[in-house]
Every structure is written in structure tokens, then in C-alpha cells.
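Protein chains in written order, with numbering that gives the first Met the number 0: chain A, 0 to 797; chain B, 0 to 333.
These are computed hints drawn from the structure, not numbers from a lab.
From the three backbone atoms N, C-alpha and C, an ideal C-beta is built for every residue, glycine too.
Certain hints may be false.
Covered stretches of chain A (chain B as the covering partner; in silico rule of three or more C-beta atoms under 8 Å from a C-beta of chain B) [what the hints assert, rightly or not]:
{"hint": "1", "segment": "184-190"}
{"hint": "2", "segment": "336-348"}
{"hint": "3", "segment": "366-379"}
{"hint": "4", "segment": "465-476"}
{"hint": "5", "segment": "488-495"}
Here are the chains, one letter per residue:
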Amino acid sequence: MLVSYEWLSEYVNIEGIAPEEIASALTCSGIEASIKREATSLAGIVVGQILSAKKHPSADRLNLCVVNVGADEPLEIVCGASNVAPSVKVAVATLGTTMPGGLKIKKAKLRGVESCGMICSEAELGLTGFASNASEGILLLDHSAQIGSNVSDYFGLTDTVIELELTANRTDCLSLIGIAYEVAAIFDREVKIPIAPPACIVDKAKRVEFTDKCLAYAVQKISKLNIEPSPRWMQNRLTAMGIRPINNVVDVTNYVMLETGQPLHAFDYSKININTLEVREAIAQERIVTLDGVERACPKGAILIADSAQPLAVAGVMGGLNSAVTEETTTILLEAGLFHPAQVRRTSRQLGLRSESSSRFEKGLNGEVLPYALARAASLYKELSPTSVADAVRVFKAYAAPKKILTLRNQRVQKIMGVRLSDDEVIDIFRRLRFGIEQAKEGTYAVEVPNRRPDISLEVDLIEEIARLYGYSRIPSQMLTGTQPVGMYTKEQKWLREIRAALRYLGMNETLTYTLTSQDEKRLTRYPKSQPINISLPMSNEYAVLRTTLLPSLLEVARYNVRRGQTDLALFEMSTLYLEHATAEPLPQEVRELAGLIAAREATLWSAELPQPQPFYLLKGILEALFSRLGLTGVRFQKHEPAADWHPGRTAQITLGEKSLGLVGELHPALAKEYSLPATALFHVDLGLLLASIPERVNYTKVSKYPKVTRDIALVVDKKIPAGDLEEGIYRSAGELLEKATLFDVYWGAQIDADKKGVAYALNYRAHDRTLTDDEVDIANNKVIEYLRKQFGAALRS
Amino acid sequence: MVQEKLLALKDEVSVKVTQISELDELRNLKVHYLGKKGELTALLRGMGQLPSEMKPVIGSLANEVRQHLQTIIEDKEHQLEQSALQSALEKETIDVTLPGYPCSIGSLHPITLVLQEIEDIFKGMGFQVAEGPEVELDYYNFEALNIPAEHPARDEQDSFYIRPDTLLRTHTSSMQLRTLEQRAPQVPLRIIGPGKVYRRDVDDATHSHQFTQVEALVVDRDVSMKELKGTLLEFLERIFGAKFETRFRPSFFPFTEPSMEVDILHPKRGWLEILGSGMVHPAILERVGYDSEEFTGFAVGMGAERIAMIKYDIEDIRHFYRNDLNFLKQFVAG
Numbered sequence: 000m001l002v003s004y005e006w007l008s009e010y011v012n013i014e015g016i017a018p019e020e021i022a023s024a025l026t027c028s029g030i031e032a033s034i035k036r037e038a039t040s041l042a043g044i045v046v047g048q049i050l051s052a053k054k055h056p057s058a059d060r061l062n063l064c065v066v067n068v069g070a071d072e073p074l075e076i077v078c079g080a081s082n083v084a085p086s087v088k089v090a091v092a093t094l095g096t097t098m099p100g101g102l103k104i105k106k107a108k109l110r111g112v113e114s115c116g117m118i119c120s121e122a123e124l125g126l127t128g129f130a131s132n133a134s135e136g137i138l139l140l141d142h143s144a145q146i147g148s149n150v151s152d153y154f155g156l157t158d159t160v161i162e163l164e165l166t167a168n169r170t171d172c173l174s175l176i177g178i179a180y181e182v183a184a185i186f187d188r189e190v191k192i193p194i195a196p197p198a199c200i201v202d203k204a205k206r207v208e209f210t211d212k213c214l215a216y217a218v219q220k221i222s223k224l225n226i227e228p229s230p231r232w233m234q235n236r237l238t239a240m241g242i243r244p245i246n247n248v249v250d251v252t253n254y255v256m257l258e259t260g261q262p263l264h265a266f267d268y269s270k271i272n273i274n275t276l277e278v279r280e281a282i283a284q285e286r287i288v289t290l291d292g293v294e295r296a297c298p299k300g301a302i303l304i305a306d307s308a309q310p311l312a313v314a315g316v317m318g319g320l321n322s323a324v325t326e327e328t329t330t331i332l333l334e335a336g337l338f339h340p341a342q343v344r345r346t347s348r349q350l351g352l353r354s355e356s357s358s359r360f361e362k363g364l365n366g367e368v369l370p371y372a373l374a375r376a377a378s379l380y381k382e383l384s385p386t387s388v389a390d391a392v393r394v395f396k397a398y399a400a401p402k403k404i405l406t407l408r409n410q411r412v413q414k415i416m417g418v419r420l421s422d423d424e425v426i427d428i429f430r431r432l433r434f435g436i437e438q439a440k441e442g443t444y445a446v447e448v449p450n451r452r453p454d455i456s457l458e459v460d461l462i463e464e465i466a467r468l469y470g471y472s473r474i475p476s477q478m479l480t481g482t483q484p485v486g487m488y489t490k491e492q493k494w495l496r497e498i499r500a501a502l503r504y505l506g507m508n509e510t511l512t513y514t515l516t517s518q519d520e521k522r523l524t525r526y527p528k529s530q531p532i533n534i535s536l537p538m539s540n541e542y543a544v545l546r547t548t549l550l551p552s553l554l555e556v557a558r559y560n561v562r563r564g565q566t567d568l569a570l571f572e573m574s575t576l577y578l579e580h581a582t583a584e585p586l587p588q589e590v591r592e593l594a595g596l597i598a599a600r601e602a603t604l605w606s607a608e609l610p611q612p613q614p615f616y617l618l619k620g621i622l623e624a625l626f627s628r629l630g631l632t633g634v635r636f637q638k639h640e641p642a643a644d645w646h647p648g649r650t651a652q653i654t655l656g657e658k659s660l661g662l663v664g665e666l667h668p669a670l671a672k673e674y675s676l677p678a679t680a681l682f683h684v685d686l687g688l689l690l691a692s693i694p695e696r697v698n699y700t701k702v703s704k705y706p707k708v709t710r711d712i713a714l715v716v717d718k719k720i721p722a723g724d725l726e727e728g729i730y731r732s733a734g735e736l737l738e739k740a741t742l743f744d745v746y747w748g749a750q751i752d753a754d755k756k757g758v759a760y761a762l763n764y765r766a767h768d769r770t771l772t773d774d775e776v777d778i779a780n781n782k783v784i785e786y787l788r789k790q791f792g793a794a795l796r797s
Numbered sequence: 000m001v002q003e004k005l006l007a008l009k010d011e012v013s014v015k016v017t018q019i020s021e022l023d024e025l026r027n028l029k030v031h032y033l034g035k036k037g038e039l040t041a042l043l044r045g046m047g048q049l050p051s052e053m054k055p056v057i058g059s060l061a062n063e064v065r066q067h068l069q070t071i072i073e074d075k076e077h078q079l080e081q082s083a084l085q086s087a088l089e090k091e092t093i094d095v096t097l098p099g100y101p102c103s104i105g106s107l108h109p110i111t112l113v114l115q116e117i118e119d120i121f122k123g124m125g126f127q128v129a130e131g132p133e134v135e136l137d138y139y140n141f142e143a144l145n146i147p148a149e150h151p152a153r154d155e156q157d158s159f160y161i162r163p164d165t166l167l168r169t170h171t172s173s174m175q176l177r178t179l180e181q182r183a184p185q186v187p188l189r190i191i192g193p194g195k196v197y198r199r200d201v202d203d204a205t206h207s208h209q210f211t212q213v214e215a216l217v218v219d220r221d222v223s224m225k226e227l228k229g230t231l232l233e234f235l236e237r238i239f240g241a242k243f244e245t246r247f248r249p250s251f252f253p254f255t256e257p258s259m260e261v262d263i264l265h266p267k268r269g270w271l272e273i274l275g276s277g278m279v280h281p282a283i284l285e286r287v288g289y290d291s292e293e294f295t296g297f298a299v300g301m302g303a304e305r306i307a308m309i310k311y312d313i314e315d316i317r318h319f320y321r322n323d324l325n326f327l328k329q330f331v332a333g
């Protein structure tokens, strides 16, 4: 909402209060306000009248103009515009003027003729959009413009425009009068209403019952009008508040709307039948050509103004072309209505038509002002067009103004605000707000809420009024008192932080990607049977479904970074996935996933002696470190059956007991190619299951004080036997003396058959109660060798 | 005779020791002269034949010689060991300016960092962290928060619906009602709820269709705007680590009354809106079973991206979701 400071001063005494001060005070009492347009003076630029214009003797495209600027002598000015003509009024920059663009006007010779000033265009004045007769060439001013006066006065540029960002509840401030009440309350100043409320005729003629969606309706006939441009002052005020002047009939309706908040509509009286005028809902298949010339089908439920012959307007949205005011109109029927906000909103949406009036109606207006708005318009017509005649305001449907009296308790004010106010302080605030207030007994008041404030319906709303006028800055601050609860995180919350921290310290970078993805991104999911949930009206295909997998998002991030030359990608993310329930649950199932990838490892190590890990083993190592951090024992990695999009020979299922925790593997080379990625290792883990599997506490076992005995065994086995199976076999067969088996060599190549491999383990034996003898260890160790021989055909390597 | 031989031996060995440059040689020499079968032992074996008055004299001389030789050999041994170590160390010299073995530390996403910091600050003030579903019923997201049907905030343009009554939550305020329903009429209640929220905005430098909010909620017997201000001031000072000038302004949210917005005065960018808050609307308290005459509360909602952008001076909200490693890795130190 734009506010002209000059115009506002007509409704509230703001003498001595600068626009900046008003903006800042409004902001601090609940309406964000800022200066939209500063006052400008355009010093040295005055109104001139062209006395004569003739061609420049030596340049066809230049004109030699003699211009009266109210000085003793007219000025001779050379001008290049084609629209100069005798008697027109123009803006003249006199010698010595500095233009808004910084140009300084000096005496200059143009093709041998001296020019004493400049006739200005809109753009040169920095006034684009200001003039109603905007055209090519120089700016033409109205005939009424006073020769020699400053152009900034003509355009009202000495005014300051304040912009308000209204919250949805403050419909009262959609009008200057409403803003005037607000400013008056803040600064404790007087409100000035231009005319007294009019006397109305309540139309008792038998007519069709109006639809309930019309809450109030009044009209006024105004005849003997001359359609012409509005006077400059009215045009300037409308322009300042962002409304384009059109003609006096339309301008007055807009002027009154800005003053009162009430949109008005003018019908050409000769084109309607007032006796059969009604407000009703649209019937099926009804069509109307609106003011913009478009024929539209009226949506079901839309409120129409109609007479017996035809629909005349879509109430609150737009008038019909059939009853529109034209150049020939002399008599109008002015309408002021109050329509059901939600219906106006629906209709305007369905028609794809939003107007200044529809956006007001849908917020809810104060029906009380209808007669005032009509009478005010009539008084302005009289002022602009003195021959005009206004009939009395006729009310077809009266507004049933609810009388709102609320009880306010001082003790309640204190409970909410935390500040103790005296009765006088409370009463004074409502006096400033122009609310009725009576003290019922000590500390209790009856407050009558004016109709312009529909946002106030509860005691607590009154308390907000007190607080905001008292000033939030004056309320002291204090820490929470009373019983102090213990702030803490749940175990799960702590572990989530630990998992993030562990991965981070293992070199992974956390990402944050969008929940909404394209329909195609359902690869690499743990939930292949779940169809992603669709968004009803997606903004784009890119963000059309709720994701059921994190990895495609991470691959996108990898692609983006690799394309930009990044190496050593190590990414992870913890996020929610959304699955449709098999049964009819109200909400989708939200499951948590932890996923990550390693890609584009750069061989940055400077010596071949330093190991260059393969992405798969690097990532597996990171996961093993993470699981050990979480105290998970018994996590197994087993060769996974080939799955779509994973490398068939390099993917492991991560299991914990009987449950599948997730997958770790290499990206299928075909998919890697699609994403333009080098070898990429990736994983996903069911985060919910992972969290649920973390043991309650550390499982302590006594530290043995006896020495360990180590035996190395070197075996030759079939190449296809997984090392993990051998290791399990070792633990299974060794008995309780085995403390730890560590793989320290895997070998194939020379000295070993092509289908075999050599593996070597260091087996640590230890007892808790004694030093082991060689015999004891030999027995255990032989059991292992024997078991591996039987189970896997393992032979001791000589 | 024995005396002379002893002295001659002493001189001979002393000279030899000075000439030796290898440890092995020195050890051989030691065995050769001082060992069980060495020359000194052999020489003393003849002592039995000496007159008895000479025995103590020769004995003491012999000990003296042995002591002397042992000392110089040991000294020499030590000296040779030192120089051997020295040359070994020289051979082992490496280029300490070569890069270390890459043990890189990764990074947490700046939104995670900010959320953890916010959680920590509120935890310090006695809050617990609650979570709610991201896909939410219309009831919890709107209706129960005093945003009835046809309210402008419910425009389809503003929200992502998956069914007529179900949508991606547009704010974390949706967890207010769920938490209150679970806890009412318990007090004191101090909860924060961080999470992802979604709005139908076209992504640009300041808008994102997905972003992160944190909701804070307090219900107790004596909670007023005074405590709301105190809590917020404490929070703001800690999250930004500096005292910004703050401005508390009345505002409007359907679910709080009175409502309050807070701005901070940014040294470069002027007043910046940082969070919305207010006293929990009595209708909401009543809806979940608190007696609003007895209990009051406040609610706060803030955007994590906004806080991160101010805190780290990040110019474009899209950075958070683009995940450029040049961006992410700056938070290794975060």
C-alpha cells in the first residue's frame, strides 16, 4: 500500500512530523513502512507556453521555439522534438538548472542559433509514467498549468510517498482514513473526516432477495456529468499512490477507494434497469463480456450484479462491458457493495482476474462505510463537475454492523505483556485508538471495538493493541523463570550428531539436497516396490515427486562437482524418504536414510610406496570405522546378488544379524558413464535400523594380564572363496582362546595355481586366567587348520 | 719384568685404540687383550711365581692397567657408536616439506552447523528437541493454527499438496500442535523443532522451494512477552556471537497474539528481519487442553538459511542446495 504524505495530511494532523518519522513509528507499532519516493524539487524547471515554433533555418529536424516562462522576456529555445506547437504548455529547464540526470543547462549554439534553455521530455525529468498524455517527444502539460510555476508543484513531486507492507489482519489500513486513525493513535493527533455520514434512503421496494454472499449493497445515481480528465491535484494523488488516472468518473471511484478502502463501481445508468437490479449467484452456462473485452464463462457460485435482462458485473472482480461508462455517459449509477470475501477470492482465481478491488474484497472490508463512500464520491463529482446532480444514497441491503464490546482485564494485560499498567494508561491507549472504553470496576474495562477493526475480536487482541502502542521496545526482557526443566537431547539425537561427526572426521562432506525430485530419480533405491508420491500440481518436472532414495541426488552433486573440475569427492547425507503406506494411513511413511559416495579419487600421493586405496575399500573402511564408533558388533559384508545400477561384482550387502542394513558397492559403469563419473563407490544404510541397533552401553570385558601367543597361518585356497567366509570359519573353529584373527596378506600370481590364492592370518591366542602353553595353542591352531581344510579345501602353504 | 710388560701392554693397547675406526675391530681388540683368554690375563697368570712381597704391587698395577684399558675402550666404543648413529641418521633424513599422508577431515553442511548451534543454545536454556512429520495434514499445518480454509496463506501457489488434506509442511509451526497435543497439560514445556519446510517459490538468490526452520515453543504458568524478549535476546547474542542492535516490532501471525518480529541491525545491510514470534494464541492452548487463563506461552519461528546467510555472509540461498565442494569445504573449520 502506497501512501501520499500530502494526501494523508488531509485526514490527520501530521504537522511537524516528518515522513521518515511516520514510517519509523508505523514500523515500530506493527506496520512495516519505508519511504518509497522522496520529495523532489526540480529546481529551475518551470511551466512554459510555446508562443511560436518554426523550422530551424539550417536544420530540418530542429525547431526554433519562443517560449513564455513568465519572465519579462520570452526565451528562444532550440528543440528537436516533433510535437512542439504554438500554445502548448511544456516543462522548461532554464539556464543554470541541473537536470535529475546531472546535465547542467547552459546557453548553447545549435547549428548557429543560440538556445536559452531546454524543453524537457518525461525521461529527462525522471518522470516516466507520470503524465497521462505520455507520448513521443517532449512532455505536454495541461492547459491549466500555471506559466512560470515550478513543474514539481504541477506533478505534486514535493510530496513524499511512503510504502506500507500490510499484514493480512490490517485491512483497515487499506484506506487513508484507516491509516490516519493509526497515525493519530501513535502520535496522539486529531483525525479529520472530510464529510459527515449521509442520510440514506432504505429501499423498501419489493425486490428479489439478494444472495447471502452479498453482505451489503447501496447505490447512488449521479446525473449531468461531463466526462473529462480529472484536475491535476487528483491525478497527482492517484499517481503517488500507484493508480493511473483515466477520467473524472473513474478517478473519483479510485480516489474514494483509496480514501475509504471501499471499491466503487460505476454503471452507465442508461444501460441498466435499476428496478430489476439484483445481486445473485451465477447460473449455469452464464456468460459475460468484462470491461477488458474478454467474454468469460461465469464460474459456479460467482456473485453477479444483474438486471432482468443480463448480468452487469462480476461482483467485486470486474464490471461488464455492456454497462460500462463511455465518453458519452452523462448519468451513472454508483455502486458500493460488500461481498463474501472467500467467494470473491475463488471467482477471481477461477477467472484468472485480479484487480485492485478484488484484492480488497477478498481481505474483508468494513460494510459500515458504504453510504459514506457513495456520498463522498458525489461530493467529489460536484467539486469536479459542478453541474452534476446526485440523488440520495439508496440502500438495497443494509450492513448489519455487529456491535463488538469486549471485556478487558488489567491483570490479564500484565500476564501477557509482563508489564503492569495503570487504569489510566490502559484507558488512554484506547482513547488514542478511538475505541470506546468504560471502566466497569477496578482493573476491568468494557471496550467497544470500531467496525473498521475486524481483526479485533478477543481480549488478547486488545492486549496486542495495548502492547504495540505502549511500544515493544519498552517491555523489559527477562529469562524464563519458574521450574527449570533440564535441556537435553534424546539418545537418538545424540547418535545422529555422532554419526555426522564420525563421517565428517573420516573425511566425508555433508550435503543437503532437495526432497522433491523428478519422476525418473528412483534408481538405487532400497524401496524398489514403492512408487514415489506425486505432488498434486508440480511447479516443474524437476520437482515432481517425493524422493524414495538419496543416492541419485548425491550422484547429481557428484556430477556437478566433477564437471567443475573437483576431485576427491567424499559426500554423505542423512535425510528422510517418503513411502506410500500399503494401508490407508493418513500420512506417508517417513523413513530415514544415510547415504554417501566416494568418487574421482585423485592419485595425489607423491610416492608409489604410499598405498593408493580403491574407492570400494576406502568407503568400506569408512563404514567399518563408523560402525565401530557406534559399538555395532557383528556387522557383515557379504557379496550381494547383482542388483540394477550397482556393479555386479563389486557390491556387498551390509547385514546385522538377520537384517539388511544396506548396500555398499561400486556404481555400475553404465550408470557412472551416464553421470560422467569415474569409478564411484557408494552406500546407503537404513538409518532408522542403524540407530535402533546401537547398543545401550559399551560392552566391557576384563583386560587379561596374561601374554598373547601369536600363530601365523598361510593358506592356499580356491580364488573364489571370500576371505570373509574364511575369517568366520577361523572364529567358529578356534574355540574361546582365539582373541583375534587378522588378515595380513592376500596373494595371487607366480608360485600359485591360476585358480588359487594365498591368504595369511595372524591368530592371537590369549586366556584370562593363565599363560597359555605351546601345547594348548597348537591344539587350537590345528583345529582351525583342519576346519579350513575340510570346509574350504584350504592347504597350508609351505 | 712383569711390571715392564704390563706397562708396555698398556702403551701398546692405548695406541691401538686410538687407531681403530670400526666398532667390530674395537670389540675384537677388547677380547684379544682383556678377554678371558686375552693377553692381560695370560700375563697375570705368571704372577704365582713372583715373590710374595711383590704380589700386591704387581696386583695393584695390573688392576690399574685393566681399569685404564677398559675405560679407554669404553670411551672409544661410545665414540664410535655415536658416529655410527650419526651417519645412520644422516642416511634416514627425509624431506619434511613433502605433504603428509592425506587424512582429510570433512565438513558438516552449514545448515547442520547452524541447527546444531541453535539447538545447543536452546538446550542450555532448558529446551528439548522435538520432531514432526514433513508431510503433514492440512489440519496441523493450517487449520489448527487459526488458518482456516480460504485464508490467503493457503493458496495452492504457496504449498505443495499431495492430497487435498495433506501437504508438505510450509512451516515448522505444524509441530506446535502435535507437541502440545502430546504434552498438554504438562508444564513447563520448552521445545524446539527444527526441520525442512517447503513452499511453492521459484528458486532464486533469496527464495528456495525448500528451506529449514526452527520452531521454539514454551508453555508455562508465568510466561509473558518479557520472557519472550529475554529468551530471544539471549539467543541472538549467542548465535551471532556479537551484540547486534535489535528491534522488536508488532506483527501478525494467525497463531500468536500478540505477535512480534525481530530485526537486527546489520552493519552493512541495515535492518534485517531475523525471526517471527509471539504469545501462543489462547485458542490454540484451549484446543489442546491447556486452560489459557492459567497457562500462557510463546512461539518462535526462524529460518536457518537466513541465519547462516547473515552469520557467514553468504549472498545466495541456492549455495546451500547446490553443494559445490568449494562451498562445502569452507565449513571444514565450522
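Evaluation of the provided hints:
With a cut-off of 8 Å between beta carbons, the segment 184-190 of chain A has 0 residues touching chain B; three or more are needed, and the interface restraint is violated. Check on the segment 336-348 of chain A: 4 of its residues sit with their Cβ under 8 Å from a Cβ of chain B, so the three-residue criterion for coverage holds. Coverage of the segment 366-379 of chain A by chain B is violated. Counting CB-CB distances below 8 Å, 0 residues qualify, and the rule asks for three or more. Here the segment 465-476 of chain A counts 7 residues with a CB under 8 Å from a CB of chain B, which clears the bar of 3, and the coverage holds.
Beta-carbon proximity to chain B at under 8 Å applies to 3 residues in the segment 488-495 of chain A; the threshold of 3 is reached and the given coverage holds.
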